[in-house]
Amino acid sequence: MAVPRNALRKWEKVRGFALGLPGATEEFPWGETVAKVDKKVFVFLGVDDGSHPLGVTVKLTDETAHAHALAAPGACPAGYGLGRSGWVSVPLERPGAPAADLLCDWVEESYRTIAPKRLTTELDGRGRPAGAPP
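Last residue of the sequence shown: 145 in our numbering, with the numbers rising by one and none dropped.
FYI, nobody ran anything at the bench for these hints, they're computed from the structure.
Quick caveat: nothing in here was measured; it's all calculated off a predicted structure.
Keep in mind that a hint or two might mislead.
Listed below are the simulated EDC-like cross-link pairs for lysine to aspartate or glutamate, each with C-alpha atoms no more than 16 Å apart in a straight line [said to hold, decoys possible]:
| hint | residue 1 | residue 2 |
| --- | --- | --- |
| 1 | 50 | 60 |
| 2 | 24 | 104 |
| 3 | 51 | 37 |
| 4 | 51 | 120 |
| 5 | 47 | 60 |
| 6 | 24 | 112 |
| 7 | 47 | 37 |
| 8 | 47 | 104 |
| 9 | 128 | 49 |
| 10 | 24 | 116 |
| 11 | 51 | 38 |
| 12 | 24 | 49 |
Label-pair ranges, simulated between beta-carbon atoms [stated by the list, open to error]:
| hint | residue 1 | residue 2 | range |
| --- | --- | --- | --- |
| 13 | 39 | 82 | 28 to 36 Å |
| 14 | 112 | 81 | 33 to 41 Å |
| 15 | 20 | 62 | 13 to 21 Å |
Every residue, glycine too, gets a C-beta built ideally from N, C-alpha and C.
Please build the complete structure, drawing on both the sequences and the hints.
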């Protein structure tokens with residue numbers, strides 16, 4: 012199945028942004044791409060090979076951001092009980108899917124929720140990571 016070009020560009024931008032955050036690493040558990048900080052996942056990126064629709068899953072503890080993310084076309088609380096902890100799955104291929112800049116904001120919020128204080132302080136000191144939206 013072909014991956015829509017616009018969705019793939021968003022996915023690549025979000026992935027690059029996530030991996031530019033302090034201490035972020037990329038791993039591939041369960042055959043999916045995830046970004047971790049301090050050995051904990053802060054964004055699930057799924058797969059980009061066309062075998063499944065592109066999407067991202069982030070942890071949003073801010074009520075406004077959480078509600079906004081759930082209002083995106085096709086968005087839903089994450090499976091496996093993660094939704095109860097604020098995790099939201101947001102598809103990228105649907106018409107009206109969030110822009111990459113907004114997705115990066117949500118990734119940053121998820122990162123700040125998961126990352127240790129020393130790394131969020133480092134992020135605050137250096138501003139937006141390389142490749143981040145303005």
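Against the structure, the hints:
Taking the CA atoms of residue 50 and residue 60, the gap is near 25 Å; set against the 16 Å cutoff, the hint is violated. Note on residue 24 and residue 104: the hinted pairing holds, with a Cα-Cα distance of about 14 Å set against a maximum of 16 Å. About 11 Å separates the Cα atoms of residue 51 and residue 37, which keeps this hinted pair within 16 Å; it holds. This hinted pair checks out: residue 51 and residue 120 have alpha carbons roughly 14 Å apart, not beyond 16 Å.
Between residue 47 and residue 60 the alpha-carbon distance is near 21 Å, which puts this suggested pair outside the 16 Å criterion. For the suggested pair residue 24 and residue 112, the alpha carbons sit about 9 Å apart, so the restraint of at most 16 Å is met. For the proposed pair residue 47 and residue 37, the alpha carbon gap of about 6 Å is at most 16 Å, so the pair holds. As the CA atoms of residue 47 and residue 104 are separated by approximately 24 Å, the hinted pair breaks the 16 Å bound.
With a C-alpha separation of about 11 Å, the suggested pair residue 128 and residue 49 falls inside the 16 Å cut-off, and the hint holds. For the hint pairing residue 24 with residue 116, the CA-to-CA distance comes to about 12 Å; that is within 16 Å, so the pair holds. Among the hinted pairs, residue 51 with residue 38 is consistent with the structure: their alpha-carbon atoms are about 10 Å apart, no more than 16 Å. For the proposed pair residue 24 and residue 49, the alpha carbon gap of about 22 Å is over 16 Å, so the pair is violated.
Distance hint for residue 39 and residue 82: a CB-CB separation of about 30 Å, consistent with the stated range 28 to 36 Å. Remark: the range hint 33 to 41 Å for residue 112 to residue 81 is contradicted by a beta-carbon distance near 19 Å. For residue 20 paired with residue 62, a C-beta distance near 19 Å keeps the hint of 13 to 21 Å intact.
Checked against the numbered hints above, the structure violates hints 1, 5, 8, 12 and 14; every other hint is satisfied.
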